[in-house]
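Here are the chains, one letter per residue:
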Amino acid sequence: MTYPFGWSVVTQTLVRRERWPGGLKAKGIPLVYPGQEVQPDQPVIRIERAGLAEEKVSAARSSLSASPASVAAMDNGTGNSSNGVRSGETILAGLCGRVVDITRRGGVVIESRAAVVQGAIGAGGQVAGVLTVWQASGGTRGQQSIPPGAILVIPGPLNLAMLRQVMSSGISGVIASSISSRDLEGFLRTDLVQLVGSRNVELAQAHLPPVTLLLTEGLGTLAMPARTMRLLGQYQGSIALLSGATSVHQAIFPELVISLPIKEAQEHWHPVHPDPVLAVGAQVRVCGGEYEGAIGEINHLFTHKQVFTSGIRARAARLRLEDGSTLVIPMALMERVG
Amino acid sequence: MSTQPYRGEGQGPVGAPSAGIHSASANSILVADCGTVFTKVSLLGLVEGQYRLMACGEAPTTVAAPYEDITRGITQAINEIEFITGRHLVSDGHVLSPEQPNGDGVDVFVATISAGGPIRLVVLGAVSPALDALAKQAVSGLYAETYALPAPSYVATAMPVPQPVGAGGPSNAPRPWTSERAAFEWERQLERMRELQPHAALIVGMADGPAGPNALQEACQLLVRTERELNERHSASVSAGVALHDVAVRQLPVIYAGAPQYVEAVRRMLQGLAEVAPVETLVSQAQLGPINLATNTLYERDVIQHIPGYDRLRSWSSSLPVATAASLSSLVRFLSQHYSMNVTAVDVGGATTTVLMAGEKGEFAPIVNSGVGVGPGIGALFQQAQQAGLQRLARWLPFEVTEDELRQYVLNRMLHPQVIPMSTRDLRIGHAFAREAINLTLESAAYTNLAQFRPDLIVATGSIFAHAPQYSQAVLLLLDTLQPQGVTSIVLDRTMLISQLGAVATISPVAAVQVNENDAVTHRLGTCVVPFGEVRQDQLAVRIGLEYRDGRQATVDVMGGTIKVIPLSFNEQAALTLTPGPTVDVGLGPGERARAAEEIDGGLIGLIIDARGRPLSLPTNEAERHTRLAQWLQAVGA
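Sequence lines, in order, name chains S and R. For the first sequence, the numbering used here assigns the number 6 to the initial residue and increments by one for each residue that follows. For the second sequence, the numbering used here assigns the number 800 to the initial residue and increments by one for each residue that follows.
Hints may be right or wrong, so weigh each one.
[To be verified] Simulated coverage check for chain R against chain S, where a stretch passes if three residues somewhere in it have a Cβ under 8 Å from a Cβ of chain S:
1) 894-906
2) 1207-1217
3) 1221-1227
4) 1293-1303
Hints in this document: simulated from the structure, not taken from any laboratory. The structure presented is a predicted model; accordingly, all values stated were derived computationally and were not measured. All C-beta atoms, glycine included, are put in the ideal place defined by N, C-alpha and C.
Using the sequences and the accompanying hints, generate a full structural model.
The structure is reproduced here in structure tokens:
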């Protein structure tokens, strides 16, 4: 099961997240107190001592060709905390909700009614920013207004050239469907196997470029499912909290948390309780083999094991895909997504 | 072959029922094996006076989110059994017990666990290569990983410093130990401690070396600094990427096996930050037992008991959950004693690879390679293979493969460990990784003289074997890695039961024996004959003479460098005569003819003659190797 929430997209759920800039040696001064209500754009922590990231960020910044406006915005504290934090800066809540705890290191734990998108793989620490969907039809990114420190949503696969462009534009995070492992390693300049297998996630993230990534489908050239895209489009312009940390040993996967608008959270609050069980009617995603990335609904569970091309016999189900076609897939290759 | 101390609560030898369990009256036993990726549950029951496997179920292990409760996966697997048998076994989140008159419920529930991961043990102090090897050996039968971090002063005085490439002078000439170098070493060790997040520390070494007691003092200083840093991070949340149990304020357990006169000094230095448990000073194999025991106690306390849902699991049974490796060890030792033969068992799991060797004279060498497997552990396996060159993996594939493809395979398996191979290519790559998992496991036990161990029986368990589409694929995998010599029988545990039966034996030895014989080791694949000595390519390696019970006779010549299967079906026996080539040995010396004392058994594959030579050598030319591998696969029908 890849998704700690059970499904890759959860439209309404109650979350508690520690707002924390990252870094093993970092120390923060909370600007809020338990019980206080906070807004996404409200500063909640002042960084007293930056962590391992500071030196790296300084080096990275010196090589960036970012516009003065975007760097100023980062310095003023738009919430690009993990990757852009320096002593004295403030970081934003990123979430709308109530402060429920202050951690010893100065992190602020916020409880929020939110929508959550979980990724298959990602990289980079926690950042807050304005969710901005990239408009492919709008031509170059320069023609589209992208706020400094934004979290950019690219509906399709990413590549190295796009990531390099992102690096020079003051964007704090990117959400896309997929990327080739070679491009991702090229951008991160790290061994992905080591990164994903790392036990100390903070240490592993500390040496990455200052842009947080979330790939909804994972490695390859897979498209973003329409329902994921719909949800992200729905919250265009909202401030969201993005984390790219991925560790198979710690069962940590990347996630985007978007606090629900107050009206929706109060008047239409119907939290979803994801059921990961594979049953008839469940919407699933194929997570391996030649049909990887296909999404469909289980319409039959076979009583007996089925034989597949490799010769392996396995319990299987028949899926009806969105285009009406059907596939017989081993249940081991299915993840429930809805 | 060295022997391994063996002990343990609920893990004792077969035939020692736990107190308070009326095993003799148990009509039904439910046994769960919670692996890293999957949880398997088996229902054992009495059928015509014999314990048999009634049904089994499998479900994903639910230690991690979203369930974070190990009993959820067990319950799902039990639900499968309920569906198959029509019996009601769980109710309100609890196992129904005892068995009801209508057949619902079970009398006994037991569990084996490997899901919690290994205990990470840093070995500190004056860690010489010999002490490092002893420390590894001490915990080799446990789910434990050791990482040696010799004290800087010890490194400075005892170890040669490699010169950078291109530096002048002899390559092993010591470089002055400057204060910069010492500071660098300190920072490197702290970084390593942050990275490892150890569960416990083992301090070793005497104070009579060139570094004196400094090495012990530095070990304590490293622990003090690490603990202060960890405790500063107390209350970090999972959302920040750090698991709570790793950063909570705690006292790090320290097993002290160093110079005895410094026990109290070490205690004082670590006061308030670490709990120090002194054991016998580690100087030789004679002191392995206490370290093994202390580590196992910590594993049960700090790993198993911290598995989410442990308390509920514990409430289902009066016996403690058992580490799967301990359960398997128990059964393998029983088999070797019961049948008076040398037994090797192999289990390639998602995060652990286990090779156990039990001799008929009571020798026992367990090798549990924690962190290396074909599921989440494939990342570590890939990295280890990478260090020696990816050719180590590619050499097992009868086709070209790029590093990118292997890397992609590894990442997919790490992110989706439950996935099964859909294409033959993926299956072959998976089997190549399994081969390297076994090879690395065997190599990790350099202290054990494996070459002298000649197994009469090889038992293979774990999903890579159980799910192999062809039995012959499993056989070839075992022959390529264990490389037995002489005559060996191979049995496949298709039901994945044997790793559970050691735990069953602790409460009902009779049930364990009967289920083992009736259901677990029923997939006898056949007898293997492996001539050794100087086996020359394309020359006669051995002439096989078979005399079947119905009077038929067969003579087959097997050439060096080949592998051949001779029909001998499951319930068939035959008298075997081996006439080796002049330089080839079948057990009695080069060129000496041999006749098996007893008739040999057939199996699902038949009689397998592996005349490829020992040690197995693969052609260095890629095209030639691909051809040879394809021939071998075809020869055994894999």
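Check, residue by residue, whether the stretch 1207-1217 of chain R contains three or more positions whose beta-carbon lies closer than 8 Å to a beta-carbon of chain S, and give the verdict. holds (count 9)
Quick check: do three or more residues in the stretch 1221-1227 of chain R have a beta carbon closer than 8 Å to a beta carbon of chain S? It holds: at least three residues are needed, and the stretch 1221-1227 of chain R offers 5 whose Cβ sits within less than 8 Å of chain S.
Taking a Cβ-Cβ distance under 8 Å as contact, does the stretch 1293-1303 of chain R have three or more residues in contact with chain S? Per the Cβ count (0), the hint is violated.
Has the stretch 894-906 of chain R got at least three residues whose CB is nearer than 8 Å to a CB belonging to chain S? violated (count 0)
Comparing the model with each earlier hint shows violations of hints 1 and 4; every other hint is respected.
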